[in-house]
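Just so you know, the protein sequences line up as chains A and B, in that order.
Under the working numbering, the residue at position 6 of the first sequence is numbered 110, and the numbers go up by one with no gaps.
Under the working numbering, the residue at position 296 of the second sequence is numbered 400, and the numbers go up by one with no gaps.
There could be a bad hint or two in this list.
The list cannot tell twin chains apart, which means a pair is met if one copy fits it or any two copies do.
What the hints assert, rightly or not - The calculated SDA-like cross-link candidates involving lysine to any residue, where the alpha carbons are at most 25 Å apart (straight line), are:
(1) Lys358 <-> Glu315
(2) Lys240 <-> Val196
(3) Lys132 <-> Cys160
(4) Lys358 <-> Ile345
(5) Lys132 <-> Asn309
(6) Lys339 <-> Ser250
(7) Lys181 <-> Val196
(8) Lys132 <-> Thr410
(9) Lys358 <-> Asp273
(10) Lys132 <-> Thr310
(11) Lys240 <-> Asp273
(12) Lys240 <-> Gly333
(13) Lys240 <-> Ala274
(14) Lys132 <-> Ala305
(15) Lys181 <-> Leu408
(16) Lys339 <-> Gly249
(17) Lys339 <-> Leu329
Hints in this document: simulated from the structure, not taken from any laboratory.
There are 2 protein chains.
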Amino acid sequence: MLGIDIGGANLKVVDEGGAHIHYCPLWKEAPIREILKMYSADRDAAVVMSGELADCFSSKYEGIGYIVSAVRDIFPKAQFYGIDGVFHQEAVPELAAANWLVMADVLRGRYPDALLVDMGSTTTDIIPLNAFGEMKGQTDYSRLGSDLLLYYGLLRTPVSSLLREVMLDAGSVRVSSEYFACAGDAHLVAGVITPDEYTTATPDNTGPSREECLRRLARVVCADLSEIGTSQAEKIARQYIAEETGEISRAVRKVQSEYCCPGILTAGIGSRFLRQLVGGEDLRVLMGDLSDAMPAWAVREAALRTA
Amino acid sequence: MLGIDIGGANLKVVDEGGAHIHYCPLWKEAPIREILKMYSADRDAAVVMSGELADCFSSKYEGIGYIVSAVRDIFPKAQFYGIDGVFHQEAVPELAAANWLVMADVLRGRYPDALLVDMGSTTTDIIPLNAFGEMKGQTDYSRLGSDLLLYYGLLRTPVSSLLREVMLDAGSVRVSSEYFACAGDAHLVAGVITPDEYTTATPDNTGPSREECLRRLARVVCADLSEIGTSQAEKIARQYIAEETGEISRAVRKVQSEYCCPGILTAGIGSRFLRQLVGGEDLRVLMGDLSDAMPAWAVREAALRTA
Chain A
105 MLGIDIGGAN
115 LKVVDEGGAH
125 IHYCPLWKEA
135 PIREILKMYS
145 ADRDAAVVMS
155 GELADCFSSK
165 YEGIGYIVSA
175 VRDIFPKAQF
185 YGIDGVFHQE
195 AVPELAAANW
205 LVMADVLRGR
215 YPDALLVDMG
225 STTTDIIPLN
235 AFGEMKGQTD
245 YSRLGSDLLL
255 YYGLLRTPVS
265 SLLREVMLDA
275 GSVRVSSEYF
285 ACAGDAHLVA
295 GVITPDEYTT
305 ATPDNTGPSR
315 EECLRRLARV
325 VCADLSEIGT
335 SQAEKIARQY
345 IAEETGEISR
355 AVRKVQSEYC
365 CPGILTAGIG
375 SRFLRQLVGG
385 EDLRVLMGDL
395 SDAMPAWAVR
405 EAALRTA
Chain B
105 MLGIDIGGAN
115 LKVVDEGGAH
125 IHYCPLWKEA
135 PIREILKMYS
145 ADRDAAVVMS
155 GELADCFSSK
165 YEGIGYIVSA
175 VRDIFPKAQF
185 YGIDGVFHQE
195 AVPELAAANW
205 LVMADVLRGR
215 YPDALLVDMG
225 STTTDIIPLN
235 AFGEMKGQTD
245 YSRLGSDLLL
255 YYGLLRTPVS
265 SLLREVMLDA
275 GSVRVSSEYF
285 ACAGDAHLVA
295 GVITPDEYTT
305 ATPDNTGPSR
315 EECLRRLARV
325 VCADLSEIGT
335 SQAEKIARQY
345 IAEETGEISR
355 AVRKVQSEYC
365 CPGILTAGIG
375 SRFLRQLVGG
385 EDLRVLMGDL
395 SDAMPAWAVR
405 EAALRTA
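In isolation and in its complexed conformation, chain A is listed as follows:
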């Protein structure tokens, strides 16, 4: 059995051997079929998705149809987990953004009272595992309205989405609204991640070295790095992280108290970073590298349970 998670930016597969992560941006003619062909076609496949929101599709349903068709070309008997908590064989609207729900479905047996906080490259999901019934049927839109979904991720979030100005030695400086630097640049410069952990494309398509990240951060105030110096670019990184961690911490505390979840479980590529922020247990420690591909792992578990 393969577990497959098709997001907007990454395609993740979990099998007996562990997790396999493929960068596969759907808005750039993603090679879904080519990637899936690398796995043996006569296997069972359980799939969950969130990539239907990519803006190459005029509606989520169009995106669902595209993804289901691509997967079934390679795995004709694939089954797809829906936001109603069951598997489907066909493209139905329920398949939109059920990746977070399948994690809740599988983990709630093991951690019945925990709040799951999952930070990926683009978003952070906050999921009370003791409220599965209430979670079923929730859309991205409803979750954005109740602090269960935040578009602050470890890597891809634009620095300019959280800062209108930065305080530098010279005083307050407005920022450019271009996509000049992202969360990955701030996290790398602050030592939160290593260049190896910067697994998505950079805003200017150059590398993830400290020097290149600093250069991108300087461009946020329309400056070359030589113009403002390393210390000022580091300040931009710190101010982004202060805003980001403030938003995430507040949302986690609010949801935790609303749903009375005593414990916290952190997950995703931002798991370690989250744990420093909000405490709790780190699923990456408990589950190893599978934590980087939790929805793919979970949809496989859910399918094995059903089979």
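Using the hints, position chain B against chain A.
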């Protein structure tokens, strides 16, 4: 004499016949030479630029070198206006972002006490024409620090750069930090611009119709338009515009009082919109379509004055 303004997104040319605007995004292998070849090569050319900041260049100086070289391949005797207020023949650091200064240089004779407010597709420049000496030598970085440069433009600014959440009928809803919708979508839906005036690429590379703009605005809260309805997408547009106009109005009032400029001149493709906001005279009315290509017009005037 040709006046040429090479920005990050547009290449503009002014000649005896008026203004010619070419969409020419530098971050996507911009066809500078191909565009310039459409103009007779044995003419004099005066050039001003801001495209050197595009992140395909590792530094502004690299960008200046690239642009100067491309222009001189077509116009070997081209001259380039610098932030020191004079023309140069070679690629020198002074050529970075002098487009706003050349406007001030040419307009200050005619409107000595006015504040020039120029809203383009990406930014808004606020320029006290009575302080030319103080303006010379200012960089984008220094202007971001003193409210003279704002990254709020008529078309390209991401909606998510000014909104962390929106108030909809259902209550407060967080927004996605993806580049799902831009200022152009908000302005079109609010009737500020027509589809013809939406002259840059849209975030999802579909068209500028009202329906398509509404669809992009709905995606800002991860929804299909059918999911939230037109009235909610219109609310997102209005809330973006409220934030944007607040930032611009405050900056204009601050600079106006700081430099004691009695009058205001609005310019650029956002000229009419700005005038509703801050009053004053509309350069587009005074100068016609040339107002859409003011730096190109101004660098031509400055060169004719020098010649």
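Comparing the hints with the structure gives:
In this assembly of identical chains, the alpha carbons of Lys358 and Glu315 never lie at most 25 Å apart, being 37 Å within a copy and 36 Å across copies at closest. For the identical chains of this complex, Lys240 and Val196 are intra-copy neighbours only, at 15 Å inside a copy versus 61 Å across copies, given an alpha-carbon limit of 25 Å. Taking the closest pair of Cα atoms, Lys132 and Cys160 come within 25 Å of each other both inside a single copy (8 Å) and across two copies (19 Å). In the homo-oligomer, the alpha carbons of Lys358 and Ile345 lie at most 25 Å apart inside one protomer (20 Å), although the nearest pairing across protomers, at 30 Å, exceeds that limit.
When the C-alpha separation of Lys132 and Asn309 is checked against a cutoff of 25 Å, the pair qualifies both within a copy, at 14 Å, and between copies, at 12 Å. In this assembly of identical chains, Lys339 and Ser250 lie within 25 Å of each other by CA distance solely across copies; the values are 19 Å between and 31 Å within a copy. Proximity of Lys181 to Val196 under the C-alpha cut-off of 25 Å is restricted to the intra-copy arrangement: shortest distance 16 Å within a copy versus 63 Å between copies. In this assembly of identical chains, Lys132 and Thr410 lie within 25 Å of each other by CA distance neither inside one copy nor across copies; the values are 35 Å within and 49 Å between.
Within a single copy, Lys358 and Asp273 get their C-alpha atoms only as close as 35 Å, which misses the 25 Å cut-off; across copies the closest is 21 Å, which meets it. With identical chains, the CA atoms of Lys132 and Thr310 are at most 25 Å apart both within one copy (18 Å) and between copies (14 Å). For the identical chains of this complex, Lys240 and Asp273 are inter-copy neighbours only, at 22 Å across copies versus 49 Å inside a copy, given an alpha-carbon limit of 25 Å. Proximity of Lys240 to Gly333 under the C-alpha cut-off of 25 Å is restricted to the inter-copy arrangement: shortest distance 23 Å between copies versus 50 Å within a copy.
Within a single copy, Lys240 and Ala274 get their C-alpha atoms only as close as 50 Å, which misses the 25 Å cut-off; across copies the closest is 19 Å, which meets it. Proximity of Lys132 to Ala305 under the C-alpha cut-off of 25 Å is found in both arrangements, the shortest distances being 12 Å within a copy and 16 Å between copies. Taking the shortest Cα distances, Lys181 and Leu408 sit within 25 Å of each other inside one copy (15 Å), while across copies they are farther apart (73 Å). In this assembly of identical chains, Lys339 and Gly249 lie within 25 Å of each other by CA distance solely across copies; the values are 15 Å between and 31 Å within a copy.
For a Cα distance limit of 25 Å, the shortest separation of Lys339 from Leu329 inside one copy, 13 Å, qualifies, whereas the shortest one across copies, 39 Å, does not.
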